[in-house]
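There are 2 protein chains.
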Amino acid sequence: MTKFVYLFKESDQSMRNLLGGKGANLGEMTSLGLPIPQGFTVSTEACTKYYDDGQKINDTIKKQVFDALAKTEKVVGKTFGDNKNPFLVSVRSGARKSMPGMMDTILNLGLNDEAVVGLAKQTDNERFAYDSYRRFITMFSDVVMGISKSNFDKIFDAKKEEKGVELDTDLSADDLKDIVEKFKAEYKKHQGEEFPQDPKDQLIIAIEAVFRSWDNPRAQYYRRMNNIPYEWGTAVNVQSMVFGNMGDTSGTGVAFTRNPSTGENEFYGEYLFNAQGEDVVAGIRTPKPITDLADDNPEIYKQFQEISQKLEKHYKDMQDLEFTIEKGKLYILQTRNGKRTAQAALKIAIDMVDEGLITEKEAVLKVEPKQLDTLLHPQFDPEALEAAEVISTGLNASPGAATGKVVFSAKRASEMVKDGDTVILVRTETSPEDIEGMAVAQGVLTARGGMTSHAAVVARGMGTCCVAGAHEIKVNEDEAYFIVKGKRYNEGDFISLDGSTGKVYGEKVKTIKAKVSGDFAKLMKWADNFRAMDVRANADNQRDAKQAYDFGAEGIGLCRTEHMFFEGTRIKAVREMIVAKSVEEREKALAKLLPMQQQDFIELYEAMQGFPVTIRYLDPPLHEFLPSDEKDIRELAEDLNISYEELNSTINDLHETNPMLGHRGVRLSITYPEIAVMQTRAVIEAALEVNKKGLNVKPEIMIPLVGELKELKYVKAEVVKTADEIIKNSKVDLEYSVGTMIEIPRAALTAEEIAKEAEFFSFGTNDLTQMGFGFSRDDAGKFLSDYYDKNIFDEDPFAHIDQKGIGRLMKIAVEDGRKTRKDIKLGICGEHGGDPTSVEFCHNIGLSYVSCSPFRVPIARLAAAQANIKNPRK
Amino acid sequence: MTKFVYLFKESDQSMRNLLGGKGANLGEMTSLGLPIPQGFTVSTEACTKYYDDGQKINDTIKKQVFDALAKTEKVVGKTFGDNKNPFLVSVRSGARKSMPGMMDTILNLGLNDEAVVGLAKQTDNERFAYDSYRRFITMFSDVVMGISKSNFDKIFDAKKEEKGVELDTDLSADDLKDIVEKFKAEYKKHQGEEFPQDPKDQLIIAIEAVFRSWDNPRAQYYRRMNNIPYEWGTAVNVQSMVFGNMGDTSGTGVAFTRNPSTGENEFYGEYLFNAQGEDVVAGIRTPKPITDLADDNPEIYKQFQEISQKLEKHYKDMQDLEFTIEKGKLYILQTRNGKRTAQAALKIAIDMVDEGLITEKEAVLKVEPKQLDTLLHPQFDPEALEAAEVISTGLNASPGAATGKVVFSAKRASEMVKDGDTVILVRTETSPEDIEGMAVAQGVLTARGGMTSHAAVVARGMGTCCVAGAHEIKVNEDEAYFIVKGKRYNEGDFISLDGSTGKVYGEKVKTIKAKVSGDFAKLMKWADNFRAMDVRANADNQRDAKQAYDFGAEGIGLCRTEHMFFEGTRIKAVREMIVAKSVEEREKALAKLLPMQQQDFIELYEAMQGFPVTIRYLDPPLHEFLPSDEKDIRELAEDLNISYEELNSTINDLHETNPMLGHRGVRLSITYPEIAVMQTRAVIEAALEVNKKGLNVKPEIMIPLVGELKELKYVKAEVVKTADEIIKNSKVDLEYSVGTMIEIPRAALTAEEIAKEAEFFSFGTNDLTQMGFGFSRDDAGKFLSDYYDKNIFDEDPFAHIDQKGIGRLMKIAVEDGRKTRKDIKLGICGEHGGDPTSVEFCHNIGLSYVSCSPFRVPIARLAAAQANIKNPRK
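If you're matching them up, the sequences are chains A and B in order. The first sequence: position 633 = 633 (this note's numbering), numbered continuously. The second sequence: position 24 = 1024 (this note's numbering), numbered continuously.
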């Protein structure tokens, strides 16, 4: 028979997956001999079982709960519902990973009309007993039964008014007795039955409520944000109550072994005498700093400090503790590794190495990679933010803080920035034509699109703050305004974006520049020593490439050449190429692009100082380069010296039902090999040029969207012919390689063949995810919210690699590719290359490098190091 | 060292892959002791090598060719280029599968200025010798060097004029000598060098030309149509020349052992005395029926007939022979299994069983499944067709012959048909709204779309003739005309479509009804005995279901319920459902659909007489049900009693960038589970209804587009809850099952999980192909022609399952699905289910059934039988 319930003394920290973090730590502390109110944990497996059984706790689990209860009663010498010495418990959730505030807690469980009398006797404090009872009824009604707390607050407030008192504590025991009766009546009114008097019933119902709360919207959201699978479930901890509100020798508090904000090695926290935990949170009384306890009760302070130190040493990490003092006796209610800011995380990790507490390797594991993000972007002043009005919330698409004047077109953005304004570009959605505007804007706000929409991807690449898919906002680009909740914002009005929370503020909010301390560089250096994978960046221009280099990128894993095609005069040549009626005309237009493209590559090579640069050939469907509204088409037609009708007909011919699945990538090079020839000239000639100056660039030419060996073979032949001729004529040697993206499912499935021609693979996990799942990132936003609500998806497959499906394709490609070409270079250049869990996956399947946007390079470096520490590569 | 060249006497029919059909058969006939002009075959591997080496024949192959040549010279006692007894050869292609007329042939090779003298001496016929030489120069120049034949014809005709003669044969030896000189000069003029005099050079150049012709456009096209891989390559047969033009005791001809048109067991063919093969083809002289040979030369006739009979018995198939009589001696130049009409194929197969020549099993293998197609559709009168003008050519999307008046909308089509017209619906592309028009039309012509475009799929399903993607045609639906090559066709003008060739004729063409003889039924019965897979049909209404039943379908593998949503009044309820603002409103609209949907299913169940019926739940994106132009939107808004703006905004909200990858399939049921609930009611209540009348229907409910277990789990829970409640209330028992399409790559990759919930899998290979390859069938048409031209694709992956990539996904799903659910039912319902090679693949990977359009059911039955005969299932 499965064991679903464990006494604390049967548990230890190795059982975290089964018992949750809180339960495992309570067990661990029990075995360390610390003063822990005893109890037991109902396992996460019981939670899973509860859901599998259609949200029911079966008899086996119930029996095990009651057995554990009986054993605990024996240990503490109290009895459930006893009218002399009643046993009371708290019931709390505790998942594998801490999810603070996301799920429900019930205190004082076990109270009923008998036990309250017992509690009064036992504590010799009738007022306390009935106060505890009314608190329990409120909490049970609210949390377990969903009867809003306000119903009870009204009764309570009426009593205070009746009695003419201000503070809760001014109510007498009799007042509270009366309130309890009224509360029970209120409960009956809502539930149609009496408040449950059997403590065992109370317990089972409460455990169910905790299980249920695993699936509440708060918890769902938190899980999604933190990449916690629904399947894990939560454990439930049932623990003897101790009371911090039994008078002035009692108290309760929270403490950190180090400062969670700065990382300073100082005891940090706060406490209140004569209070329960909820009072500290409610903020009615102002808690005192924990250091005051040294004066208030030196003995307890010393004991607590010793315990804290012991726990920090034991767990080798900064601890976040909750404690209660009941009549002068200290109890530890829970300990866990404390949440901390990025700065604190770095300082603590480095200090602990200096203190000899942990090794450098352990220090590298202590910092959450994605936390580093906050070190790289400016932030709002927290106080100013507090005061500002949130007008809408979208997706936190690219972190950072942005304040500026609203603007609706790239053109106006440039103009206003030239005039000295800071702007925020607001669009229904962005397209490549908006790039210049995005580059000059402080932030980008879109009404449509997901985490990997054009706006999100480009903004992250630029390190620009972006809130995407704020659906409530209705944008009218033509008339230059947007409306949200009935209010209109015109060009020039100020708004602010928080790219880390997705919040949009309807005003200017003050920002502060984040500090990057020296600890950061130190830890990154350690991390680099432990990495097995290289980290490269996705960069399409010199600015981004330099940024990436500064952040430690060891090459460019993806240069999207099409981004180079939009600037100023060259877009005209691109358009001439598209409307060309013959190969000759097309080559003429391409010849105009050649010197510009060549210069692009020279700049990239120089920025990367000889690190490898992977250049992806033209990828998007050609219609992306042409205008879509009549006025622009007429203008362009005039510009190109062709008739409106002719141009319009070309544009119509290029129209596709599903552009994602259309004429793009390698397919363009098959139809128009002359484009690949021009790009090859530029790549090779630029490399020869910079190598003359002493660099040793070995360009990597990457063909996108290959799904079949012969596609690559055909284009590679054109590339090699062109390149070899140039190299031969140059009379100096130049190494280059030709490889492909693996971004079409069929490419992964036929990788053994494709590796015959491909000298490297780079996983394009954006497209691989889209095609593997069969939904486009542009359209999935509309239905994915239903998927999260209904627990069909735990996480966004565009943010984290779906290891089961898409990851399987990647594994197939890695294994099969190596069958043909043992030492094939394997990388990833999709958005996932900067996501820590995806980086770990890439390490585990044996990739040579990851490539991500410049601002994610440090994150990827750390994640790669952690992956190799956890699972060292042979 | 690889052996690239084989003497005929070293070869036999088992070596077909290496030596091509012609070469293998020449070897086989040699070993049978038949009178074969000796020679040798250069293997298909040499062809592959030729291409791998950059279109060069390497020295190894050359050496082997010359060795074989020397041996052959010895056998025949002649010498290349000899001025007394010169050796002359023919050089012909010969692929693994016969590709008549697709590649090049060179006769009389070996002639030069010396050898022609030798030939004159040897034959004592100077005229003949120089005539042979001038023919050789023409053929070599044209076929090998690409110098147009017309250059030589001009010289020849000038000579005839100069001499004042009509017939070639009226020219004297001296005239021909003069012509030869002029021909050589003409050759030099074009090539800049002398006509090659070394026969060995001639031979190598000719072999290269044959290899090169493997990749000419004719051959490419033929391969694609006949599913022959480029990789196979062609062999080259070098064979001693024999001459049918050496006077009246010489002749040449072609014969079939049975009538290839009717299948009658009669000797069939024609011959000419004193002629070479090309003369028969050129049609200058009218050949005589082969039976006349019995009078002309009874001895030779008898010998030839005996050989023919021997070969038919030997190959157990009707033979197509070429022969030459040289000075009274019979030579067999080639034999092969003869091409035949579908009727003939059936008759021959059945007759041969009756004659005891082959078994029933062998007979089943003799008929090409796709040939049956022609037996099921009306055909044009061949003579009328010959005379008609082809105005454009599109894809042969759905076979059949159609003649009718041009019409541009479904509405007008219905009206005109009511008035007694026959019509052809012409659209840029079709959409579900056109279905009614397609149903009443004789044929459908579209300017856009591929073999699996909406028009093509629906037309094939209906058995309606369709030519799709005729790009030259510009359709203006609004003004009801189309223009092709400058000519305008208005509503009411006649055109004709040949759905088997893709040709469009600008006039009325007479049709004849094809005869389906009793042989057809007989062979199908035999086939059914050998099958391991069931064959079902894709049918969405009673008409199609009945048709399918008549064609032998054993169930419905796919009922696309959305097709039921377009008819008359129900489209209004569908639209009400889509614009509903709440679940209640939506349920109200669904309640209107319920009785209609229920009636649909009753009709289907009844048509299938208790065979299983698989019902796929609503699949397409909802915007497909809404109008797109302003006028229609205004009308609908009025109809639905909402404002134009509101409806327009709903339509805009439903807009998707890539609808193929959008909100459709199971995703609809997740957002709107009430749709699945309504469909479940209809499925189950209809089944209960018909079972009352004595049928035993077990509905199979199929959820489309699943990519993740939890999607299916969620929807299945709704389905099961609804179904079980209805069944419980009905108080009778009803079995039903719930399964899923496997059409998303991730579904295949996670099949082991999905099989936990899915009771059956049905492969939706259309979508699986689209997503696996990453191109949509609507858009791929634009670039796939480049893919064929450049030999990147040999065949259309929407017509034949891509076994390497998409097939691998299918195999993964089959194997992994069975791990979870050992006896999971596995089928296919994509378009591929009716394609013989795909059916064979499905058999080989172990599917339980294939499902295809009704008109392909007999084809699938035969293909399934052949697959099981070739690879019997345990």
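Please keep in mind that the hints were generated in silico from the structure rather than gathered at the bench. Take the hints with a grain of salt, since some may be wrong.
Calculated pairs, DSS-like style, for lysine-lysine (alpha carbon to alpha carbon, straight line, at most 25 Å) [as the list claims (entries may be wrong)]:
#1 A:Lys811 - B:Lys1790
#2 A:Lys756 - B:Lys1811
#3 A:Lys713 - A:Lys822
#4 A:Lys581 - B:Lys1074
#5 A:Lys474 - A:Lys782
#6 B:Lys1189 - A:Lys804
Note that the coordinates shown come from a computational prediction; the quantities given were computed from them, not determined experimentally.
Now the hints, each set against the structure:
no.: 1; hint: A:Lys811 - B:Lys1790; result: violated (31 Å)
no.: 2; hint: A:Lys756 - B:Lys1811; result: holds (24 Å)
no.: 3; hint: A:Lys713 - A:Lys822; result: holds (19 Å)
no.: 4; hint: A:Lys581 - B:Lys1074; result: violated (59 Å)
no.: 5; hint: A:Lys474 - A:Lys782; result: holds (16 Å)
no.: 6; hint: B:Lys1189 - A:Lys804; result: violated (68 Å)
When held up to the earlier numbered hints, the structure conflicts with 1, 4 and 6 and fits the remainder.
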